[in-house]
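K.L.:
In order, the protein sequence lines correspond to chains D and F.
Following our numbering, the numbering of the first sequence begins with 834 at its first residue and continues without gaps.
Following our numbering, the numbering of the second sequence begins with 106 at its first residue and continues without gaps.
Hint data in this document are derived by calculation from the structure and do not stem from the laboratory.
One thing to keep in mind: the hints can contain errors.
[What the hints assert, rightly or not] For the chain D half of the interface with chain F, some residues (derived, Cβ under 8 Å), not all of them: (1) Leu872; (2) Gly875; (3) Leu876; (4) Ala887.
[Said to hold, decoys possible] Among the chain D residues that face chain F by a calculated CB cut under 7 Å, a handful are: (5) Tyr881; (6) Phe898; (7) Ser943; (8) Gly944.
[As the list claims (entries may be wrong)] Simulated DEER-style distance windows between Cβ atoms: (9) Thr948/D <-> Leu156/F: 40 to 50 Å; (10) Gly904/D <-> Ile144/F: 43 to 53 Å; (11) Asp851/D <-> Asn128/F: 34 to 44 Å; (12) Ser133/F <-> Ser906/D: 47 to 57 Å; (13) Arg121/F <-> Gly884/D: 16 to 26 Å; (14) Asn124/F <-> Lys848/D: 17 to 27 Å; (15) Asp116/F <-> Gly875/D: 19 to 29 Å; (16) Ser133/F <-> Gln874/D: 25 to 35 Å; (17) Pro841/D <-> His145/F: 16 to 26 Å; (18) Gly207/F <-> Gly904/D: 46 to 56 Å; (19) Gln150/F <-> Thr909/D: 19 to 29 Å; (20) Thr909/D <-> Pro181/F: 36 to 46 Å; (21) Thr911/D <-> Pro216/F: 15 to 25 Å.
Beta carbons: idealized from backbone N, C-alpha and C, even for Gly.
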Amino acid sequence: GAGVSQSPSNKVTEKGKDVELRCDPISGHTALYWYRQSLGQGLEFLIYFQGNSAPDKSGLPSDRFSAERTGGSVSTLTIQRTQQEDSAVYLCASSLAPRAGRGNGYTFGSGTRLTVV
Amino acid sequence: DAKTTQPPSMDCAEGRAANLPCNHSTISGNEYVYWYRQIHSQGPQYIIHGLKNNETNEMASLIITEDRKSSTLILPHATLRDTAVYYCIVRVGAAGNKLTFGGGTRVLVKP
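Isolated chain F, as found in the complex (with noise of 0.2 Å):
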């Protein structure tokens, strides 16, 4: 699977779009961009996935660019609920095997 690259931490104001960038430059056509979190003490949450096109659901939107080389999270309007460690993973769609979780994006919602 691809490695990707993100800001070890970043700040939010709560209530604010926040905004977390992923650099996937080595994307190979068949992986997808998976977006987890992990608040304190509990397992990663799923948030979100996408192939090319943008996607948006109740929790998140996905910004994938054209040349899919990186992507960006966007949360719109933070809440302290929000705080958590977020990691972008790329992974083969043909493959049925793990998730390869990096050191993900340490986001602090602050009121």
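Chain D with its partners taken away, still in its complex shape (with noise of 0.2 Å):
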């Protein structure tokens, strides 16, 4: 597509339950990106995938949080036995190539805002 698609857009789930989010990111893109953006707050990194190396699960809050990649393209974002504060907008973004200075950067998807209740 012609750019980063990202479903649902929008997800109310109750405390406790699983939620997985998608992320499809612009065809070719060997870089993926998961974000999250609470509620007036900035974004806060949570996960990068590159073609076929372990990812960078740095920024995952908790072993709640979980995401895979298959076949390098479409990743899938779970939280298990969500609560409140897991509220936020998730975002997912995708880069041509790892480095920076090259191709124009990140795209961004429009997100999914979570709702826990």
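Join the two chains into one complex using the hints; note that each chain is given alone, in its own frame.
P.N.:
What follows is the structure in structure tokens.
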């Protein structure tokens, strides 16, 4: 597609339930990133995938959070046993190459707004 | 990645140039300066980036000081649609890692 696509755009879930958020990066982009943004806050890095390399999971806040990227394309972020503090906008971004200075940087999706009630 | 310092907010008159400063005094030789903006309820949008030379594209100009310790993003003719949070980020060129977003500058373009 022309841009990074995320689904669903909005998700309301009950505390304790598991949720899956999906990201379709731009075709051919080898790097994929997940961020989250709580209300009124800046962007918080979660996880980074680059090709077949082991992902950088250094930003995942707890073991309830996990992500995978199948076939080097679509990525799914899973949050188990959701808590109210997980409520945020979850943003996905992809880039053509991981090295700064090449291409036009990251392209972000519009995000998934997750509300845990 | 080097830290950046930006003013938390600034106002700009519609049609005038908006000059957004960023300090990155600890920047190292292989770090690029990137600018993104985030309009309300949208994902961040890439604006421009540079290493040491000034850069210009259809959206903005980037002026980097000779010592590379600071930079200025210039929106030549601000419009109401330019109201957004603007993030200045420095990023290592050789490492394929994440962008680290700071607090940014909240720019309000007024009619």
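K.L.:
Against this structure, judge whether each hint is valid.
P.N.:
Do the hints match the structure? See the list:
1. Annotation: interface hint on Leu872/D violated; nearest CB of chain F at approximately 11 Å, more than 8 Å.
2. A distance limit of 8 Å between C-beta atoms decides the matter here; for Gly875/D the minimum to chain F is near 5 Å, and the interface restraint holds.
3. At a threshold of 8 Å, the smallest CB-CB gap from Leu876/D to chain F is about 4 Å, leaving the interface hint in force.
4. Annotation: interface hint on Ala887/D violated; nearest CB of chain F at approximately 12 Å, more than 8 Å.
5. Hint status for Tyr881/D: holds, given a least beta-carbon distance of 5 Å to chain F, under 7 Å.
6. About 15 Å separates the beta-carbon of Phe898/D from the nearest beta-carbon of chain F, more than 7 Å, and the hint is not met.
7. Nearest Cβ of chain F to the Cβ of Ser943/D: about 5 Å, under the 7 Å cut. The hint holds.
8. The beta carbon of Gly944/D is positioned within 7 Å of a beta carbon in chain F (closest approach about 6 Å), and the interface hint is therefore held.
9. Between Thr948/D and Leu156/F the beta carbons are some 41 Å apart, a value that agrees with the proposed interval 40 to 50 Å.
10. The hinted range of 43 to 53 Å is not satisfied by Gly904/D and Ile144/F, whose Cβ atoms lie roughly 32 Å apart.
11. Between Asp851/D and Asn128/F the Cβ separation comes to about 43 Å, which falls inside the hinted range of 34 to 44 Å.
12. Taken as a hint, the range 47 to 57 Å is violated for the pair Ser133/F and Ser906/D, whose Cβ atoms sit roughly 34 Å apart.
13. Distance hint check for Arg121/F and Gly884/D: the Cβ-Cβ separation is about 45 Å, which falls outside the suggested range of 16 to 26 Å.
14. Distance hint check: the CB atoms of Asn124/F and Lys848/D are about 46 Å apart, inconsistent with the given range 17 to 27 Å.
15. Judged by the Cβ atoms, the range 19 to 29 Å given for Asp116/F and Gly875/D holds: they are separated by roughly 21 Å.
16. At about 28 Å, the CB distance of Ser133/F to Gln874/D agrees with the hint of 25 to 35 Å.
17. A beta carbon spacing of about 20 Å between Pro841/D and His145/F agrees with the range 16 to 26 Å that was offered as a hint.
18. The hinted range of 46 to 56 Å is not satisfied by Gly207/F and Gly904/D, whose Cβ atoms lie roughly 34 Å apart.
19. For the pair Gln150/F and Thr909/D, the beta carbons lie near 24 Å from each other, so the given range of 19 to 29 Å is met.
20. Distance hint for Thr909/D and Pro181/F: a CB-CB separation of about 41 Å, consistent with the stated range 36 to 46 Å.
21. For Thr911/D paired with Pro216/F, a C-beta distance near 45 Å fails the hint of 15 to 25 Å.
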